[in-house]
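K.L.:
Here's the letter readout for the chains.
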Amino acid sequence: KNEVEQSPQNLTAQEGEFITINCSYSVGISALHWLQQHPGGGIVSLFMLSSGKKKHGRLIATINIQEKHSSLHITASHPRDSAVYICAVRSPGFRETSGSRLTFGEGTQLTVNP
Amino acid sequence: DGGITQSPKYLFRKEGQNVTLSCEQNLNHDAMYWYRQDPGQGLRLIYYSQIVNDFQKGDIAEGYSVSREKKESFPLTVTSAQKNPTAFYLCASSIPDHLGPLHFGNGTRLTVT
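Chains as they are written, first to last, in my numbering: chain A, 1 to 114; chain B, 115 to 227.
Treat the hints with care, as some may be off.
[To be verified] Listed next, the stretches of chain A that the computed footprint assigns to chain B, with coverage defined by at least 3 CB atoms under 8 Å from CB atoms of chain B: (1) 39-46; (2) 52-66; (3) 104-113.
Everything labelled a hint here was simulated from the structure, so no lab data went into it.
The beta-carbon is built from N, C-alpha and C at its ideal position, and this holds for glycine as well.
Please take these sequences and the hints and turn them into a complete structure.
P.N.:
Following this line, the structure appears as structure tokens:
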């Protein structure tokens, strides 16, 4: 079982729909990142959160530390939101000198049709 | 504007040749990372550096080498010892110990035939 699981793997929506992408993890974490990867391959950091909820424009990220679960919501989705959304968790490193480590989910491919 | 520049975007090499991927940042970040992305898998850490002149192996360092002679630069060499080098390579930077958001370059797609 992967340490970070995302669902769904693929998601197709119509423009205007409310979108939810889920991320579950099995390790103790200190923070969780949501990233967006564009079709060209470049990755942009959307959110970094350790508790509660953050909002930026039409994007909302929530995290429940006790349930080890985070969600990324997109309101009023638009074709330009089509991308791969990646969840990554920050947890203690496995070597004394390595500090923290990031573990990445496999990503959710979102397609928003006009 | 600050950012990370990776070059080239596409790279083709013959099997048995070493190849170096460039990564330059002007964000004044101490920490830099190299990741490999393969279809159906999450990003995997190859090497990272928390400070100039120091770097550490990540989860899949075999067949790769790096240097960190300048704060701005963290080149990755894919050696002929890497058994399956064809992949998408991403460079990233942040403040140390992942305490801030990651900033990524646009990636280099390496094809070895």
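K.L.:
Determine for every hint whether it applies to the structure shown.
P.N.:
Outcome of the hint check:
no., hint, verdict
1, 39-46, "holds (count 6)"
2, 52-66, "violated (count 0)"
3, 104-113, "holds (count 4)"
Checked against the numbered hints above, the structure violates only hint 2.
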